[in-house]
Amino acid sequence: MIPELGHFALALALALSLAQAVLPLWGAQRGDARLMAAGPGLALGVLIAVGSAFGALLWCFAVNDTSVSNVVQNSHSAKPMLYKLAGAWGNHEGSMVLWVLILALCGAAVSGFGRGLPGALRARVLAVLGMIGSGFLAFILATSNPFLRVWPPAADGQGLNPVLQDPGLAFHPPLLYLGYVGTAVTFAFAIAALIEGRVDAAWGRWVRPWALASWSFLTLGIALGSWWAYYELGWGGYWFWDPVENASLLPWLAGCALLHSAIVVEKREALKTWSVLLAILAFSMSLLGTFLVRSGVLNSVHAFANDPERGVFILALLVVTVGGAFALFAWRAPSLSPTGVFAPISREGALVLNNLLLCTIAAVVLAGTLYPMFADLMLKAKISVGPPFYQATVFPLAVPLILAMAAGPLMAWKRARPWPVLQRLWWAALAALVAVLVVWLVQGKPVLPALGFGAAIWLILGALTDVAERVALFSRPRAAFARARGLPRAAWGGAVAHAGFGISLLGMAGMGLATEKLAAVRVGESVALAGYEWRLDGVRDVVGPNWAGRRATVTVTRDGAPVTVLEPEKRNFPIARQATTEAAIHTTWASDLYAVMGEEENGTATLRLHHNPLAPWIWLGAAVMALGGGLSLSDRRARVGAPARRRAAGTVEA
Amino acid sequence: MSEARRSALSRRALVWAPLGLAAAGGLGFWAMLRGMRDGSYDPRGVPSALIGKAAPALSLPAVEGTGLPGFGPDALAAPGGPVLVNFWASWCVPCVVEHPQLVALQRRGVRILGINYKDKPADAAKFLTRYGNPFAALVADADGRAGIEYGLYGVPETYLLDGGGIVRWRWAGPMTPDTVSAELDVLLRRHA
Numbered sequence: 039m040i041p042e043l044g045h046f047a048l049a050l051a052l053a054l055s056l057a058q059a060v061l062p063l064w065g066a067q068r069g070d071a072r073l074m075a076a077g078p079g080l081a082l083g084v085l086i087a088v089g090s091a092f093g094a095l096l097w098c099f100a101v102n103d104t105s106v107s108n109v110v111q112n113s114h115s116a117k118p119m120l121y122k123l124a125g126a127w128g129n130h131e132g133s134m135v136l137w138v139l140i141l142a143l144c145g146a147a148v149s150g151f152g153r154g155l156p157g158a159l160r161a162r163v164l165a166v167l168g169m170i171g172s173g174f175l176a177f178i179l180a181t182s183n184p185f186l187r188v189w190p191p192a193a194d195g196q197g198l199n200p201v202l203q204d205p206g207l208a209f210h211p212p213l214l215y216l217g218y219v220g221t222a223v224t225f226a227f228a229i230a231a232l233i234e235g236r237v238d239a240a241w242g243r244w245v246r247p248w249a250l251a252s253w254s255f256l257t258l259g260i261a262l263g264s265w266w267a268y269y270e271l272g273w274g275g276y277w278f279w280d281p282v283e284n285a286s287l288l289p290w291l292a293g294c295a296l297l298h299s300a301i302v303v304e305k306r307e308a309l310k311t312w313s314v315l316l317a318i319l320a321f322s323m324s325l326l327g328t329f330l331v332r333s334g335v336l337n338s339v340h341a342f343a344n345d346p347e348r349g350v351f352i353l354a355l356l357v358v359t360v361g362g363a364f365a366l367f368a369w370r371a372p373s374l375s376p377t378g379v380f381a382p383i384s385r386e387g388a389l390v391l392n393n394l395l396l397c398t399i400a401a402v403v404l405a406g407t408l409y410p411m412f413a414d415l416m417l418k419a420k421i422s423v424g425p426p427f428y429q430a431t432v433f434p435l436a437v438p439l440i441l442a443m444a445a446g447p448l449m450a451w452k453r454a455r456p457w458p459v460l461q462r463l464w465w466a467a468l469a470a471l472v473a474v475l476v477v478w479l480v481q482g483k484p485v486l487p488a489l490g491f492g493a494a495i496w497l498i499l500g501a502l503t504d505v506a507e508r509v510a511l512f513s514r515p516r517a518a519f520a521r522a523r524g525l526p527r528a529a530w531g532g533a534v535a536h537a538g539f540g541i542s543l544l545g546m547a548g549m550g551l552a553t554e555k556l557a558a559v560r561v562g563e564s565v566a567l568a569g570y571e572w573r574l575d576g577v578r579d580v581v582g583p584n585w586a587g588r589r590a591t592v593t594v595t596r597d598g599a600p601v602t603v604l605e606p607e608k609r610n611f612p613i614a615r616q617a618t619t620e621a622a623i624h625t626t627w628a629s630d631l632y633a634v635m636g637e638e639e640n641g642t643a644t645l646r647l648h649h650n651p652l653a654p655w656i657w658l659g660a661a662v663m664a665l666g667g668g669l670s671l672s673d674r675r676a677r678v679g680a681p682a683r684r685r686a687a688g689t690v691e692a
Numbered sequence: 646m647s648e649a650r651r652s653a654l655s656r657r658a659l660v661w662a663p664l665g666l667a668a669a670g671g672l673g674f675w676a677m678l679r680g681m682r683d684g685s686y687d688p689r690g691v692p693s694a695l696i697g698k699a700a701p702a703l704s705l706p707a708v709e710g711t712g713l714p715g716f717g718p719d720a721l722a723a724p725g726g727p728v729l730v731n732f733w734a735s736w737c738v739p740c741v742v743e744h745p746q747l748v749a750l751q752r753r754g755v756r757i758l759g760i761n762y763k764d765k766p767a768d769a770a771k772f773l774t775r776y777g778n779p780f781a782a783l784v785a786d787a788d789g790r791a792g793i794e795y796g797l798y799g800v801p802e803t804y805l806l807d808g809g810g811i812v813r814w815r816w817a818g819p820m821t822p823d824t825v826s827a828e829l830d831v832l833l834r835r836h837a
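First to last, the protein sequences are chains V and A. Residue numbers for the first sequence follow our numbering, beginning at 39 and rising by one. Residue numbers for the second sequence follow our numbering, beginning at 646 and rising by one.
It is possible that some hints are incorrect.
[As the list claims (entries may be wrong)] BS3-like, lysine-lysine: derived pairs with alpha carbons at most 30 Å apart:
#1 V:K555 x A:K763
#2 V:K555 x A:K771
#3 A:K698 x A:K763
#4 A:K698 x V:K555
#5 V:K452 x V:K305
No lab work stands behind these hints, which were simulated from the structure alone.
Just chain A, with the same shape it has in the complex (with noise of 0.2 Å):
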C-alpha cells in the first residue's frame, strides 16, 4: 500500500471504483428482478425450443473406467419406447439430490441414457460407484458440445423423449420425488 505516494488524481479515481462496481452490480440484479417478473430471466430455467421436435443427434464416446455402454444416434433417433437423457457431472450438487430419484425411476424399469457433462473419467466413475448406476448407457461431453446443441441451461437437467425420439418434456435443475410424481409419471405413461 504505497497510498503517500500515489499520485492525489488517481487516488481520487479509486475511491469512486468501489461505487461504479457496486452501482453495476446493481443494475446487474434489477435487470435479473425484472426479467424474472416478465420471464425473461429465470434461474430455474426455460421452457426447451426443443418440445415438440426431434432429439439433437450426438455421437459421443463412452466414459472410461464407468464399464458402461455409449450410444450413438439411433438410440435417440429412435429408441422404440420413452427414454431419458439426463445430463449431469460429478461436480455438480444438486445432481447428488437428484440421484436417488434417478435410481429409483430405473428400478421401476425406466430406461435412462446419461450424458456425463464436462467431467473427468475418473471423477464420474467415482460418482457411480458412490451413489449406484441408474443409466442404461453413457457417453461423454467432455467439451459441451452436446449442451450446446440442446441449448442446456446447467446440470442436472433431464429431457423425456418419446418412442420416435421426440422431445416431449425438459426439466431443468435436479428432478424432486414431487417432480417425478407429478410431472414425469403422466408422461411415461401417455408416452409409453
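Chain V with its partners taken away, still in its complex shape (with noise of 0.2 Å):
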C-alpha cells in the first residue's frame, strides 16, 4: 500500500509541477496577478507531493519491505539502520527522487524566501523551477520507477554495495544535489531574466545567494567524495581525474565563475550577458554530469548501473532544456545592453580575469572528460586521458588564477593602480617565497610541492592582509575591533573562503611530499617510514552485522615513545559477494599515518604505509571554504534584497 502511494505522490507532483511550470509563466507574460499568485501554492504542494514519496521510499527500506524491486536489489535486511535509510538514495531510482525532492525545497524557498521579489520575476523563475521539475518527475515515472513491485517478494534483499556502506558516502550525494540543484535555481533566474530582456544590480543581488548556496553545497559535496575515496578506497589518493569527479568539478567552476561576476552584476552592472550565460552553463554542467553518469556512454569506475534507454531519456531532457535556453539566450542576449564601464586594472578586471580563468580550467577539464568518448565516436580511436593531462594543463592555469586571487580584493572598484596592492602585499610575497626555497631546499626534487606550499602561504596571507586593511588594523589600530565588527559579512566571506583555497592548497602540496611502503611482515617484526616505527603485533577475526573480516593490529611508535595503534581492516562481504579494505588512519595536524592491509600468506601479512604530510588539511581548507560561503550569505544585503533599498543598505564597502 505504501509503495502505491508513494507511487501516486509522484505522479500527482508531476500534475501539480506541470500547473507550476505553465499558469505563472501565463500570468506573469499577461500581466495577470491572479495567476502569478498561483506560482507559491503549487511550488508548496509539489513540494508536500515529492516529500510523502520520498517518505514512502524512505519507509520501504526502513521495514525491508523486499515486494518492492528497489529494496531487493539495494538493501539487506542486515544492515543497520543508518544504512538502509542511505540505501534509499544511493541507488539510480532513489537518488533521483532525492534529486526531484531537493529542486522541490528550492522552489518553495523561492516563493518563501522571495517575497520581495518583483511579483513577475519570481512567477518566470517559479515556472522554470516547474519545467525542470516536470522534466524529472516524467523521466522517474516513465523509466526509472522506484516503487516497481515484484512478484513474488524476495525472501531477502541483495545488499547495498559495501563500499558504499559507509557514512561519507551515505551523506555524500544529498550534499552534492543541493549544489547541483541550486544551479537549477540561478538557472531559472537567467531564464526569467532572458524573458523578461532585463538584467539589473537587483537580479545580481537575487542570484548571488543561490550561486553561494549552490558552490558551498558543491564544496562539501566533492569534499566528502574526495575523503571517502581517500579512506575507503584505500589507494592513498585523494583525486584522480576520474570522468565522474571531473563531471562535479565542472559544475563548481562555472557556478566559482558565477558567484564572482554576480558581485560585478550588482555593483556595477556590467558583466550580465557574461553572468547570464555562466548560470546557464552552470546547470548545463549539472546536467551534463547527471546524463555521463547515468547513461553508461563512459567508463569508470564510479558509474550508476545504467542502461541506453535512460540515457535518451536524459539526452532529450539535456537538449531541450540547455538547447532551448541557448536559444533563448541567443534571441534576447543582444537586448541585455551593457551600462558599466571599467579599466582592465580595477576590482571589476580582476574579476573578468577570474571569470575567464576558471572558465578557462572548465573547458579544458570538459575536453579532457569528452574527448576519448569523441575519439571512439569520430575516429574509433581509443584513447585514455588521464591525469598526467590535467597536471599538465590545469596547474599552468591555476598559477595566474591564485596569484590574482590575493590582489583582487585589494584593488578599487573601477580604476586601480596596481602599485599600492602590491606595496600592502610584498609582506606576502615574500612569505611566500621565503616557504618555497625551503621547501625546496629541504625536500629537494619536486618542486610542484614547493611551488604549492608558496601559493597557499600567498593566499592566506593575502586574505589577511585583506582583513587587516578593511578594518585598518596597522593604521588606526585602536578601533580596529569595532571596524571588525561593521564589517559587512560578505567581505568576511570572501577572505575566510580564499583562505580556505588556500589550506586546501596546503594539504595538496604536503599531499605531494608523502611517502609510503609496501611490506610483507611476520607478527612482531616492525617497518621503518618517515621516522616513525611501525610494529605488527597480531591479526586477527572479526565479525561485523553483514561481513566478516580480518583486522590488523599495528603499533606506531616515534623514538620508543607510543604514538598511536593502527588496525586496518580487510572486510568481506558474503551476500554481496565483495571485498574491502578499511584503511586505518591516525590523523594530526601535522600528518595522517595510514595503514591497510593486504594479503595473508604463509604467517606473513602484506602492509601498505603511508606518511601523508598535511592531508587533513585538503579538506578542512574545503570546509573552510564552505563556510565562508555560508557568511557570505548570512550578510543582511542577501536578505534585505529589494533593489529600492540596496542604496541604503550596501554602501560599506565602496
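Got two chains here, each in a separate frame; can you build the complex from them with the hints?
Below you can see the structure in the form of C-alpha cells.
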C-alpha cells in the first residue's frame, strides 16, 4: 500500500509541476496577478507531494519491504538502519527522487524567501523550476520507477554495494545534489531575466545567494567524496581525475565563476550577458554530469548501473533544457545592454580575469573528459586521458588564478593602481617566496609541492591582508575591533573562502611530499617509515553485522615513545560477494599515518603504510571555503534584497 | 570584456556559439547512445579481431628501475602454456582496481607478461613497489605502438594466449574478482 501511495504522490507531483510550469508564466506574460500568485501555492504542493513520495521510499527501505524491486536490489535486513535509509538514495531511482525533492525544496524556498522579489520575476522563476521538475518527474515515472513491485516477494535483499556502506558516502549524494539543484535556481533566474529582457543590479543580488549556497554545497559534496575515496578506497590518493569526479568539478568551476561575476552585476551593472551565460552553463554542466554518469556512455569506476533507454530520456531532457536556454540566450542576449564601463586594472578587471581563468580550466577539464568519448565515436581511436594531461594543463592556469586571487580583493572598483596593491602584499609575497625556497631546499627535487606551499602561504596571507586593510588594523589599531564587527559579512566570507582555498592547497602540497611503503611482515616485526616504527602486533578475526573480516593491530612508535595503534581491516561481504579494505588512519594536525592491510600468506601479512603530511588540511580547507560561502550568505544584504533599499544598505565596502 | 566595443555583428554571431556547440555535443551523445544499442559504440570495449589468431610479435625494451626482465617475440610466439598479457599504466585508476586480481593470479602460478603503456619508468616502478608486482616479465610501450598493434581499447586490457601463442580471450577494462572466477578460470583450465 505504501509503495503505491508513493507512486501516486509522484504522479500528483508531476501534475502540480506541470501546472507550476504553465500558470505563473502565462500570468507573467499577460500581467495577470492572480495567475502569477498561483506559483507559490503550487510550489508548496509539489514539495508536499514529492516529500510524501520520498517518505514512502524511506519507509520501504526502513521496513525492508522485499516486494519492492528497488529494495530487493539495494538493501538487506542485516544492514544497520542508517545504511538502510541511505540505501534509499544510494541507487539510481532513489537518487532521482532525492534530486526532485531538493528541487521542490528550492522552489518552495524561492516562494518563501522571495516575498520581496518583483511578482513577475518570481512567477517566471517558479515556472522555469516547474518545467525542470516536470522533466525529471516524467523521467522517473517513465523509466526509473522506484516503487516497482516484484512478485513473488524475495526472501531478502541483495545488499547494498559494501564499498558504499559508509557514513561519508551516505551524506555525499545529498550534499552534492543540493549543489547541483542550486544551479537549477540560478538557471531559472537567468531564463526569467532573458524572458523579461532585463538584468540589473537587483537581479545580481537575487542570484548571488543561490549561487553562493549551491557553490558551498558543491564544495562540501566534492570534499566529502574525495575524503571518502581517500579513506575507503585505500589507494592513498584523494583526486583521480576520473570522469565522474570531473563531472562534479565542472559545475563547481562554473558556479565559482558565476558567484564572482554576480558581484560585478550587482555593484557595477556590467558583465550581465556573461553572468546569464554562466548561470546557464553551470546548470548545463550539472545536467551533463547526470547524463554522463547515468547513461553508460563513459567507462568509469564510479558509474551507476545504467541502460541506454534512460540515456535517451536524459539526453532529450538535456537537449530541451540546454538547447532551449541557449536558443533563448542567442535571441534575447543582444538586448541586455551593458552600462558599466571600467578599466582593465580594477576590481572588476580582476574578477573578469578570475572568470576567464576559471572558465578556461572548466573548458580544459570538459575537453579532457569528453575527448576520449568523441575520439572513439568519430575517429574510432581508443584514447585514455589521465592525470598527466590535467597536471600539464590545469596547473599552469591555476598559477595566475592564485596570483590574482590574493591581489583582486585589494583593488578598488572602476580604476585601481597596481602599485599600492603590491605595496600591501609585499610581505605575503616575501613569505611565499621563503616558503618555496625552504621546502625546495629541505625536500629537494619535486618542485610542485614547493610551489604549492608558496601559493598557499600567498593566499592565506593575502586574505589576512585584505581583512587587516579593511579594518585598518595597522594604521588605526584602536578601533580595529569595532570596525571588524561592522565589516559586512560578505567581506569576511570572501576572505575566509580565499584563505580556505589556501588551506586546501597547503594540504595538497603536503600530499605531494607523501611517502609510502609496501612490506610483508610477520607478527612482532616492524617497519621504519618517515621516522616512525610500525610494528605488527597481531592479526585476528572480526565479525560485523553483514560482514566478516581480518583486523591487524599495528603499533606506531616514534623514538621509542608510543604514538598510536592502527587497526586496518579487510572485510568480506558474503551477500554482495565483495571484499573491501578499511584503511586505519591516525590524524594529527601535521600528518596522517595511514595503514592498509593486504593479503596474508604463510604467517606474513602484507601492509601498505603511508605517511601523508598535512593531508587532513585538504578537507579542512574545503570546510573553511564552505564556511566562507555561508558567512557571505548570512550578510544582511543577501536578505534585504529589494532594489529600492539597496543603496541605503550596501555602501559600506565601496 | 570589451563588450561595448565589439561590433554588433560579431556579437550577434557570438551569442549563437553556445547553441551550436551544445547542438554538436548533443548529436555526438545521441550517436553514442544509438551506437550502444546496435553495438558499434561500446565504452566497455569491443571484441578483439585478434581472437583465434597469433598474437602480434613485439620487441620492446624492459622497464628500467623495476628490476624485472623484459621479453622478446619468442615469449609471445610459443609461451609453452597459457599466459596473460596485461597492458597497464601507473596513471590509470582502473589499473589500481584490477591490480589485486593480477597479484592473486600470479600467486596461483599464472604467468603474466606486463606491457607498461605510455608511462614513465620511474612511475611504473613506484606503482609496483606500492601495490606489489604480479609480472614475470615487463616491457615498456612508451609510444603506444604495441597498443596499436593489439587494437588496444584503453588501459587496463588483458589478453589470454594459449601455449601456441594464439589469442584466446580479451578483456578491456579492469578484471574484477567476478571476471576471474566467471570467465578467466574456465579458460585457464581449458588451455592448461
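* To do: List in ascending order the numbers of the hints, as given earlier, that are violated by the structure.
  => Violated hint (a single one): 4; every other hint is consistent with the structure.
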